[in-house]
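**Q** The opening residue of the sequence shown carries number 455 in this note's numbering; numbering runs sequentially from there.
Be aware that one or more of the hints could be misleading.
To be verified - What follows is a set of in silico ranges between Cβ atoms, one per label pair, in the way DEER data are often shown:
#1 496 <-> 567: 15 to 21 Å
#2 527 <-> 567: 41 to 47 Å
#3 567 <-> 488: 39 to 45 Å
#4 490 <-> 568: 35 to 41 Å
#5 484 <-> 461: 17 to 23 Å
#6 461 <-> 537: 40 to 46 Å
No wet-lab data here; the hints were simulated from the structure. All values reported here derive from a predicted model rather than from experimental measurement. Even for Gly, the Cβ is constructed at its ideal location relative to N, Cα and C.
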Amino acid sequence: MADRSKRAWTRPHDWAEVVLGVVAVLTPLWADTDATTMWTMIVLGALIALDGLLSLSMPGLVYGEGVQVVLGALLFIAPWVMTYTALDVAAWSSWIIGALTAIAGLAALPVANAVHRGGMTTAH
455 MADRSKRAWT RPHDWAEVVL GVVAVLTPLW ADTDATTMWT MIVLGALIAL DGLLSLSMPG
515 LVYGEGVQVV LGALLFIAPW VMTYTALDVA AWSSWIIGAL TAIAGLAALP VANAVHRGGM
575 TTAH
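Construct all of the structure, not just a fragment, from the sequences and the given hints.
**A** Given below as structure tokens:
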């Protein structure tokens, strides 16, 4: 299993980040939003998904996991900062997806660090 985390496209933490980003992007389809809320969800969700894909392709890219933690925190605080706490579904989606993204990024940090130290960043 440890060998698996060294190969590209095999880490579940990073796949979770991609899925969470896609869900954030799609949230405006089923949640009431205004323009600010919609674009906040789309932009942050796309960045989360893209960074997850980058981490999947380059397992030893430690800063990618740090970026996930920051993006998750930004999505988590977005309802307050962008003032959409009254839009229940969108706000709760931001809080849940943001928290899960930050948790996935934190969980993946030690694995990415180990791969980086071992120099194993390519697919086998």
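**Q** Looking back at the hints listed earlier, which ones does the structure fail to meet?
**A** 1, 2, 5
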